[in-house]
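*Asks:* Each chain, letter by letter, is given below.
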Amino acid sequence: MSTLLSVRDLRVRYPVRKGFVDVVHGVSLDINRGETTAIVGESGSGKTTLAMALCGLAPVFGGEVDFDGVQLKRDRRNRLNPDRKRVALMFQDPVGSLNPRMTIRKALAEPFRIHRVDARNPDREALRLLAMVGLGNDFADRYPHQLSGGQARRVGVARALALQPDILIADEPTAGLDVSIQGEVLNLLSRLQREMGVGILMITHNLNVVRHVADQMAIMYLGRFIEQGHSRQIFSQPRHPYTAALLSANPSPDPNAQPSQIELIGDVPSLLQRPSGCEFHTRCPRAQAQCRSSFPELTTGKENQQFNCFFPMGE
Amino acid sequence: MSSPVLDIRGLSISYQTDTGSLQALRDVNLVVEEGRIIGIVGESGCGKSTLISAIIRLLAPNAQIGQGAVNFKGGDLLGLSPEQMRSLRGDEISMVFQDPMTSLNPVLTIGRQMSDVQHRSTASRAEKRARSVMMLEQVGIPDPESQLQRYPHHLSGGMRQRVAIAMALMAEPSLLIADEPTTALDATLEVQIIHRLKELQREFGCSILFISHHLGVIAELCDEVVVMYAGEVVEAGSLRDVFMNPKHPYTQKLLECDPARIAQPTRELPVIEGSLPNLVNLPNGCIFRERCSNAVSRCGAERPLLSGDGHQAACHLPDTSP
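Protein chains in written order, with the working numbering: chain G, 1 to 315; chain X, 1 to 322.
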């Protein structure tokens, strides 16, 4: 597997009235060709900001990003400047990310126009893209409000993959969809990934989705990755207590399931007042004195499973 | 058995659109007994939102109530004047919405908003304040006194949703309607909220109507389940009956599609082939026929009615459960 995007110690910092807030606080990750990497974490943990920074839509405060072996430069506003033909983004709100006054045909031809990619016949390209995501020709002349949530997602997928990018960043691609339509969108992404070899960075808080589609995963808490590695490995043996709680909390649709949930006490701390030491200690059932005073360095376990914890699970 | 808190009988609602009359709900029956938690599951477009809007009478202006009754504690809500309905909302029936950020006012403090919802009470300001503090404590918000001074944007998503629940339960309603209240939260907070709802339900003895398309959350929380498809109730029964032994082919497929139930990781997730029928020009017979792999000729001719004792399904086929 060749590494396409390599992120080292990325930071995003925003000024606030009393100083600053670190929304993404030193994140490292690799995205490989043809693989899906999932970022899991609750709302406010920095997932979307990370995605925005990688696309050049949010300023970067520190860190390095290599794309296909070349280090990305920052522009005057401190934004990364990846080749947007090669790094595509699918936004969270599928209907909101389409221009309401543009037909689907026009919306699908737009990437070609913007990037001045020679598409002799943008109309035919639009129809090809529609067919690629399983929508009929009759969708070409519809407006976004005439689409269902699942159809709008498909148009989002088609638009993002129009220029055959190397990387697709998908922000909550199935949020708000029903299980059946969620399955359709995920199957579509998996098929197109097989055909085009695109590397996918998927942002989600749906663990059931991650378990099925992700090769690699990272768990984000307060702007940091607290654990990352192969998703199979993490699902079978989480090492960080937050990951363990997250996986155990995932409600099971089986009425006979034995509740084995690790219930966390308290709330997510504010980014403005990061806890001392290990930032999870305020909610951690395993926390001890050491956790409150010093920050746990990165530990690498078997199969390259990385986590920040003094007292990891299974020890 | 005591009379049910909510008893919806044969409710039909349509929306007037440019292309014709869209039959959003057809002949819906739903009973919520006192102290029970009922889950409503179904895909978007199945009529869940229309149903709850009808209960609290906040339907869009182009909605038309065709027939049926919404009996709440013995009286038909559909016959009430807007004033009478207003006095029920937030007092006897309250709601928790999906997004706590938009259901709280961003420019008022939590304390102000919590006092405002007690506008019917004749208690003094100090008493209202004390009650707000008590309710925040009940939903597990740390240091409730100081939270009253804060604004919604100061709170995390989980805390905001708990504030919304505290406000909804403030008047000790008989019926709490929760519309996807945990969708925006991560799994650990989702479980916290569900457990809290369960505890509060026991304490206050209210009934809860819980809408979600997260089947795991429904399984964790609800006593009974109602499955809706394209504006009709296709199956209803106890959680165990419906989830362990689904009778309607739609319920069976919906459960099969849940990635949480598929133990082996797969890139080929099951889906329900086909799409929702056009609700302006309804097909004859069973509403699910076009997507049903077991359909027989009778399914195209005659609409199946909800039948069965306790565990009900609207399907002509004899028991097709595996």
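Check each hint, because a few of them may be wrong.
Covered by chain G, per the in silico footprint, the following chain X stretches (three or more residues, Cβ under 8 Å) [to be verified]: (1) 185–199; (2) 210–218.
Computed far set for chain G versus chain X, every beta-carbon distance over 12 Å [claimed, not checked]: (3) R11; (4) L72; (5) N99; (6) K106; (7) S190; (8) R211.
Residues from chain G shown here face chain X by an in silico Cβ test under 7 Å; the list is partial [as the list claims (entries may be wrong)]: (9) H205; (10) P255; (11) Q258.
Hints listed in this document are in silico derivations from the structure and should not be mistaken for laboratory results. Owing to the predicted nature of the structure, the values given are computational and were not obtained by experimental measurement. Virtual Cβ for every residue (Gly too), placed ideally from N, Cα, C.
*Asks:* List in ascending order the numbers of the hints, as given earlier, that are violated by the structure.
*Replies:* Of the numbered hints, 7, 8 and 11 do not hold.
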